[in-house]
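Student: Here's the letter readout for the chains.
Protein chains: 2
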Amino acid sequence: MDEFELIKKYFNWEQKDLLNPFDDCAVVNFSSDKHLVTSIDTIVQGIHFFSNTSPNDIAYKALAVNLSDLAAMGAKPKYFTLALTLPSLDKKWLSKFSYSLKNLANKHNINLIGGDTTKGFLTISISVIGEVEKNKALLRSTAQVGDLIFVSNTIGDAAYALKQIKNGNPLSQRYLKKLNRPEPQLVLGKNLIGIANSCIDISDGLEQDLMHILKKSKVGASICLKNIPLSKDLSDYINKTNDWCLPLAGGDDYELCFTAPKKYANIIKSLSAKIKVKLTQIGVVNDSMELTRVGNFNKECNSYKHF
Amino acid sequence: MDEFELIKKYFNWEQKDLLNPFDDCAVVNFSSDKHLVTSIDTIVQGIHFFSNTSPNDIAYKALAVNLSDLAAMGAKPKYFTLALTLPSLDKKWLSKFSYSLKNLANKHNINLIGGDTTKGFLTISISVIGEVEKNKALLRSTAQVGDLIFVSNTIGDAAYALKQIKNGNPLSQRYLKKLNRPEPQLVLGKNLIGIANSCIDISDGLEQDLMHILKKSKVGASICLKNIPLSKDLSDYINKTNDWCLPLAGGDDYELCFTAPKKYANIIKSLSAKIKVKLTQIGVVNDSMELTRVGNFNKECNSYKHF
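Residue numbers (the working numbering), protein chains in the order written: chain A, 4 to 310; chain B, 4 to 310.
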């Protein structure tokens, strides 16, 4: 099977809006009154997933981390392209990968419009294109002093799951799902337009990602450790160890962290109920230019560094 | 140095049109009256370049092969994103890579608007976004019976260069340039709008790429071997060996192959003189549904297959 047969067999989905399938480039329409929002993310075997991670989970995560970037801008997913570097042509692997990718793409109404396959060490790059009303995108640079800081759902579960796996401990489906199948918060992101002053997705760790907002917005913040929403197991672990580094620096959560004016507190409460996404206030933006913790934990946590 | 410092140090160029540098996604304007044209291409060490290929040449080729895809659509480059997977943080390597990438990007007025860096086996994915007047993109699917078939410049030089390198033979700068620094034919592509009925870039080999046009357009063609434009050294090599596989199946040329109505033959001649790109007629589109060669060479050539 050559590259073209591979693409036709595994990635020849119904391609809505695409004017010319399998050409040099994809040609698509783009709305005139929208801003174009784009991102690229790569996941590599041994870095972002284990060598025994299922192709279903790999495909899911490769697309989900990109959708999460769109969610953090309040953008609507439109199109994606896939660059797939494979060590060999494993038909079973490709069937599962393709099936899972298609499922997630359909769920969020994003269309695969192009790609490239190459032989090499297992590496998946996905590039997404989304749209957002002009000048409405949620940015990192526009947090305001006095804003309340919120996060979605619970924080630190992916890092807790990874730690348990590395220690050879058994793990419930709930935690495996948080690690391998993070839910991109697209509905939340879209609903935060007009409410949040700034937003980011928590991929590198809560403190590091919040620091991106603070630096770009030239503000500071304090966060209250006891307010950080934790799952039961992680909460038990922290009660035993006082090791707050998992939620503070673990990363890979793909929850949203956003800041919003105090006057919107009730609107955010209603939104949480309406879209059934837990939203918890964990701190306040101030003019200190620093990020400080309130609570009994002063250790500096090591965030993941590639190099 | 962490990922963010790396990006700021090596890829913090003046980012025209970008509304929010270093955010989750890039946010940019897109013209209302244009079609969006996008592509992604990956190059991997050991497959697309040697382990001793210079970072300057790697960066050049990673972007050039994507620009070539835009050229084949007649599209104008607008934006690109870069996913860089690196085995280690080598500052010298990154400086050269960044410098060369920026040079080529500036030359073709395409703006780096986002990216991702990861640790792993040296792999570079670039995603490009371009624009073309609505319904004017050059496609593979619209060749017409009776069209003349043209190629730009000379064909087979990259494959000839690769063969000489693999055989340990000395090679002139001209051939090294054809292999490592292919010129994306953007000016030609743009000028073919309204003239060519179909177009493709020759990345996989002349016959294989022309077959893509024929299959998508549901037509056939005959090409005349003696009309294929060859460089002096490759012509000498073929005179000695009668091995036509280098120009027919070598690939990696990134010249354009296009078809156009006979009535435009003189316009194409003038265009060639005006934009100083050699354009040669090598065959004719017919209704045979097959690709036939005219000339003394019947061997089937092996095209490069990843798997």
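It is possible that part of the hints are untrue.
If chains are identical, the list can't say which one is meant, so a pair holds when it fits in one copy or spans any two.
[What the hints assert, rightly or not] In the DSS-like style, the derived pairs of lysine-lysine whose C-alpha atoms are separated by at most 30 Å in a straight line are:
no.	residue 1	residue 2
1	K137	K11
2	K122	K218
3	K229	K219
4	K95	K265
5	K272	K105
6	K308	K122
7	K218	K235
8	K266	K110
9	K137	K302
10	K105	K122
11	K308	K37
12	K221	K12
13	K11	K79
14	K193	K169
15	K308	K94
16	K137	K235
Source of the hints: derived by calculation from the structure; they are not laboratory data.
Student: Report the numbers of all earlier hints that the structure fails to satisfy, in ascending order.
Tutor: As far as the earlier hints go, 4, 5, 7, 8, 9, 11, 14, 16 are violated by this structure, in ascending order.
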